[in-house]
Amino acid sequence: MIYYDRVSKIYADSSVALDDVSFSVEPGEFISIVGHSGAGKTTLVKMLLAEEKPSSGSVFFESVNVHDVPSRRINDLRRKIGTVFQDFRLLPQKTAYENVAFAMEAAGRSEEEIASDVPHVLDLVDLSEKANNFPDELSGGEAQRVAIARAIVNQPDVIVADEPTGNLDPVNTFEIVQILKKINDLGTTIILTTHNKGVIDSLKKRVVTLDRGKVIRDDREGKYIL
Amino acid sequence: MNWLSIKRVFRAGFLNFWRNGFVSFASVLMMVSTLLVIGLAMFAGVILNTTLEQFRDKADMDVYFTTDAPDARIVDIEASLKALPQVESVQYISRDDALAQFRERHQNDQLTLQALDELGDNPLGAVLNVKAKDITQYDVIANFLQGQDALASGSPQVIDKINYFDQEHRDAIDRLVQITDSGKWIGGFIIGLFVLITIAISFNTLRLTIYSSREEIQVMRLVGAGKTYIRAPFMVEGVLYGLIAAIITLLLFYPLAWWLGNATEGFFGGINVFDYYLSHFLLFFGIIAGSGVVLGAVASLLAVRRYLKI
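Here the protein sequences come in this chain order: P and R. Going by my numbering, the first residue of the first sequence is number 1402, and it counts up by one from there. Going by my numbering, the first residue of the second sequence is number 6, and it counts up by one from there.
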């Protein structure tokens, strides 16, 4: 489904973010990418979203090289990938409901679909009560749950969660991971980047370990080993 | 973009405008100052133009006839002058009127009046006072008159003198042309410069407004929104800034023009700014609202474009 083929990223100041990275992700998998800060986890995610271009190598999503997709078609690709970020990245001028609805509007979905799906998804992340609150009125855990609701509302093939628990306390971290597991159980592929040892060890799923831009381990049922 | 998207774009634009309360207020205020300058530039342009036109209007040309010129010839020449497209008006001053005017001009100069009485006969010929539509056209008219007079074959020439051919008169007209022309250029340049500066400031304010939304724009891209779908609400917001600022500006101009009206009429002796504002309201509305809308839309369009590149 997703294939990183000998991907390297060297920035203008000669710092190496990724060094000859190759691995693939199968449909329905829950894969965690771990590593210290600066190991290249976020760069890997940005490559899949075509937010950054590799210096060499290719990234394939459903057999399409994402960096060959023309700029005007990139939205179609991104709608197939739900994204969750460490800093939530909600639209500050929109309520929780509108943030989730925005992803559907952007995909050209009808008002009826939005009216039926958004409350359902907010209910799934247990935030129906806060639907009309703005992001600055939500706690970190709540904001991240809105971000997850936004990521799943278009029923994407894959969810990319880049350090989603980085700003959260242990209780909220646990909740977010449970939600991601639930989404994975429903068949959606999950790519999770984190440096939270507790999260990885509790998941008992595939773990790809990065160190200084290189893949140093790829374990089927891995643990956080660094 | 389909109808549904257009509806959403407008809704998002209005909501952003409303929810960004303070930023919207500041942007509208900045835009008002720009539109005020544009409006004031319009007033300044009109005042400058009328004043300079008044100066140019002071120029005229006198055609002096010989004392024995038959009235029929003078009437002929007057008619042909009036038929010229360059001529604005022709005033006939008969020999008697010319004498009366001369006497009046020299009423305190007994010596001259005595000399005149000594002569017994009226030494002055009839005069045609010609005003051209444009100051630069006296040359054409004077040459036409000279040609006409020379062409009247068989009869003696009746034009004694055209004062346009006096070097002094010509110089004065030329200088007037020069001064008013450079006045127009310099005035236009200063007005244009002011307008440009305020447009640039307003442009930058809108860019800063959108700069504060740059992360939002990037997030929209990452959740799969198309470029037009992201850009359009910002443009709606920009247009709203422009429209509201235009309405405020037009309202502000009402008391301002009223206050300026009497002052400028007295000082510049011609145009009442208030009357001009009322009679040209549609023009003011078009230019100010148009500038506001175009400025808002274009500034937003260019500012958003920078952050859409991902």
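Quick caveat, the hints were computed from the structure, so don't treat them as lab data. From a predicted model like this one, the values you see are computed outputs, not experimental measurements. Please note that a few of the clues may not be correct.
As the list claims (entries may be wrong) - Here are the computed lysine-lysine pairs in the DSSO-like style, where the Cα-Cα straight-line distance is at most 27 Å: (1) P/Lys1495 x P/Lys1481; (2) R/Lys63 x P/Lys1454; (3) P/Lys1447 x R/Lys136; (4) P/Lys1583 x P/Lys1447; (5) R/Lys12 x P/Lys1495; (6) R/Lys12 x R/Lys136; (7) P/Lys1606 x P/Lys1624; (8) R/Lys232 x P/Lys1447; (9) P/Lys1495 x R/Lys136; (10) P/Lys1615 x P/Lys1583; (11) R/Lys87 x R/Lys12; (12) P/Lys1454 x P/Lys1495; (13) P/Lys1531 x P/Lys1582; (14) P/Lys1454 x P/Lys1583; (15) R/Lys63 x R/Lys232; (16) R/Lys166 x P/Lys1495; (17) R/Lys232 x P/Lys1481; (18) R/Lys314 x P/Lys1481; (19) R/Lys136 x R/Lys189; (20) P/Lys1605 x P/Lys1615; (21) P/Lys1454 x R/Lys314; (22) P/Lys1605 x P/Lys1624; (23) R/Lys136 x P/Lys1481; (24) P/Lys1531 x R/Lys166; (25) P/Lys1583 x P/Lys1531; (26) R/Lys189 x R/Lys166; (27) P/Lys1583 x P/Lys1606; (28) P/Lys1481 x P/Lys1454; (29) P/Lys1495 x P/Lys1606; (30) P/Lys1606 x P/Lys1582.
Here is what the structure says about each hint:
no., hint, in the structure
1, P/Lys1495 x P/Lys1481, "23 Å, holds"
2, R/Lys63 x P/Lys1454, "73 Å, violated"
3, P/Lys1447 x R/Lys136, "78 Å, violated"
4, P/Lys1583 x P/Lys1447, "24 Å, holds"
5, R/Lys12 x P/Lys1495, "17 Å, holds"
6, R/Lys12 x R/Lys136, "61 Å, violated"
7, P/Lys1606 x P/Lys1624, "8 Å, holds"
8, R/Lys232 x P/Lys1447, "19 Å, holds"
9, P/Lys1495 x R/Lys136, "69 Å, violated"
10, P/Lys1615 x P/Lys1583, "30 Å, violated"
11, R/Lys87 x R/Lys12, "62 Å, violated"
12, P/Lys1454 x P/Lys1495, "31 Å, violated"
13, P/Lys1531 x P/Lys1582, "23 Å, holds"
14, P/Lys1454 x P/Lys1583, "32 Å, violated"
15, R/Lys63 x R/Lys232, "60 Å, violated"
16, R/Lys166 x P/Lys1495, "84 Å, violated"
17, R/Lys232 x P/Lys1481, "17 Å, holds"
18, R/Lys314 x P/Lys1481, "20 Å, holds"
19, R/Lys136 x R/Lys189, "22 Å, holds"
20, P/Lys1605 x P/Lys1615, "22 Å, holds"
21, P/Lys1454 x R/Lys314, "13 Å, holds"
22, P/Lys1605 x P/Lys1624, "7 Å, holds"
23, R/Lys136 x P/Lys1481, "79 Å, violated"
24, P/Lys1531 x R/Lys166, "96 Å, violated"
25, P/Lys1583 x P/Lys1531, "21 Å, holds"
26, R/Lys189 x R/Lys166, "33 Å, violated"
27, P/Lys1583 x P/Lys1606, "14 Å, holds"
28, P/Lys1481 x P/Lys1454, "19 Å, holds"
29, P/Lys1495 x P/Lys1606, "35 Å, violated"
30, P/Lys1606 x P/Lys1582, "10 Å, holds"
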